[in-house]
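Student: The residues making up each chain are set out below.
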Amino acid sequence: DTEVTQTPKHLVMGMTNKKSLKCEQHMGHRAMYWYKQKAKKPPELMFVYSYEKLSINESVPSRFSPECPNSSLLNLHLHALQPEDSALYLCASSQRGGNGETQYFGPGTRLLVL
Amino acid sequence: GEDVEQSLFLSVREGDSSVINCTYTDSSSTYLYWYKQEPGAGLQLLTYIFSNMDMKQDQRLTVLLNKKDKHLSLRIADTQTGDSAIYFCAESLMDTGRRALTFGSGTRLQVQP
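In the order they appear, the protein sequences are chains H and V.
First residue of the first sequence: 1, per our numbering; consecutive thereafter.
First residue of the second sequence: 1, per our numbering; consecutive thereafter.
If you're looking for bench data, these hints aren't it; they were derived computationally from the structure.
Do not rely on the hints blindly, as some may be mistaken.
[To be verified] Listed below are the simulated BS3-like cross-link pairs for lysine-lysine, each with C-alpha atoms no more than 30 Å apart in a straight line:
(1) V:68 to H:9
(2) H:22 to H:9
(3) V:67 to H:9
(4) H:41 to V:36
(5) H:22 to V:68
(6) H:40 to V:56
(7) H:9 to H:19
[What the hints assert, rightly or not] Restraint ranges, calculated between C-beta atoms of paired labels, are given here:
(8) V:66 to H:102: 20 to 28 Å
(9) V:45 to H:69: 20 to 28 Å
(10) V:110 to H:62: 37 to 45 Å
(11) V:17 to H:59: 35 to 43 Å
(12) H:69 to V:55: 27 to 35 Å
(13) V:45 to H:30: 16 to 24 Å
(14) H:69 to V:78: 43 to 51 Å
(15) V:78 to H:63: 43 to 51 Å
(16) H:30 to V:78: 20 to 28 Å
Yeah, the Cβ is synthetic: ideal placement off N, Cα and C, and Gly gets one too.
Make the full structure from the sequences, and use the hints.
Tutor: Okay, structure coming up:
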C-alpha cells in the first residue's frame, strides 16, 4: 500500500477564516512533507517533518502552521490567508527523510481563498 | 545549481511512442524520478532511476539516463489517451541537507486519438 490520503479534497475559505488540511499515511514512513503547487507550475516545498520534528521550513509565512501529531498524521493549519495562497496543497511521505528517498504524494487539497 | 528543465508541451498520436526529455545541472544527483499528474489530481510516481544506471524499463516505460550530458528521458511505448497528463522529472540531491525534490517545470503530453 503506497497510499497517502488528504482531506478535504476542496476547500473554500475567506481571509478571516481558520481551517486545517489533513494528511495521513500508513506506510510506516517517518518523514512527511507539505508542498504548494500553483497552476501550471511544479510543486514547491513548504515544510518537512522527520520523526515528528520539523526539520525544514522553507521561509513559509506564519499564516501557515504545520503540525505532526504522530508518525502517520500531518496537519496544515491555515489562518488569515490571502487570495494568492489559493493553490493545490500536496502532502507526501518517505521512509526517513534522507536524501534519495522516494516520496509518495497524496491527491492534494485544492484551496481557494476569497 | 539545482535547475531542472523540461520542454513544455508534446503532442503525439495514439499508438505512437512519446519521448519526454529533461536536463539537470547538478552532477551530485542520486535518484531521478518521473511523476505523472492528471488534471486536478496529485502526483503519481511512475518510475525512478539511480544515478549509476543508464537505463530502466518498466512495462511501457523506458527511462534513459546520460550522466555525461545530464540528460534524462522517459519513453512511453504505445501511448494511450489515458497517458495525457503533465509529466514532471525531479531530482534528489546527495550532498545537500535539503530532504526534498527539485522538480522540472513539467511537460504537458497531449495524446490525439
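Student: Determine for every hint whether it applies to the structure shown.
Tutor: Against the structure, the hints come out as follows:
Simply put, residue 68 of chain V and residue 9 of chain H have alpha-carbon atoms about 42 Å apart, too far for the 30 Å limit, and the pair is violated. For the hint linking residue 22 of chain H to residue 9 of chain H, the alpha-carbon distance of about 10 Å falls within 30 Å, and the restraint holds. With a C-alpha separation of about 39 Å, the suggested pairing of residue 67 of chain V with residue 9 of chain H is violated against the 30 Å cut-off. The suggested pairing of residue 41 of chain H with residue 36 of chain V holds, with an alpha-carbon distance near 13 Å, which does not exceed 30 Å.
This hinted pair does not check out: residue 22 of chain H and residue 68 of chain V have alpha carbons roughly 42 Å apart, beyond 30 Å. Taken as a hint, the residue 40 of chain H and residue 56 of chain V pair is honoured in the structure, with Cα atoms around 28 Å apart against an allowance of 30 Å. Taking the CA atoms of residue 9 of chain H and residue 19 of chain H, the gap is near 13 Å; set against the 30 Å cutoff, the hint holds. A hinted range of 20 to 28 Å holds for the C-beta pair residue 66 of chain V and residue 102 of chain H, which are about 22 Å apart.
Against the hinted window of 20 to 28 Å, the Cβ-Cβ separation of residue 45 of chain V and residue 69 of chain H comes to about 26 Å, which satisfies the hint. The beta-carbon spacing between residue 110 of chain V and residue 62 of chain H, approximately 41 Å, falls within the hinted interval of 37 to 45 Å. In this structure the supplied range 35 to 43 Å holds for residue 17 of chain V paired with residue 59 of chain H, their Cβ-Cβ distance being about 42 Å. In this structure the hint that residue 69 of chain H and residue 55 of chain V lie 27 to 35 Å apart at CB is violated, the actual value being about 43 Å.
A hinted range of 16 to 24 Å holds for the C-beta pair residue 45 of chain V and residue 30 of chain H, which are about 18 Å apart. Between residue 69 of chain H and residue 78 of chain V the C-beta distance comes to about 45 Å, which sits within the given range of 43 to 51 Å. The hinted range of 43 to 51 Å is satisfied by residue 78 of chain V and residue 63 of chain H, whose Cβ atoms lie roughly 47 Å apart. For the pair residue 30 of chain H and residue 78 of chain V, the supplied restraint of 20 to 28 Å is violated, since their beta-carbon distance comes to about 39 Å.
Hint check: violations occur at hints 1, 3, 5, 12 and 16; the rest are consistent with the structure.
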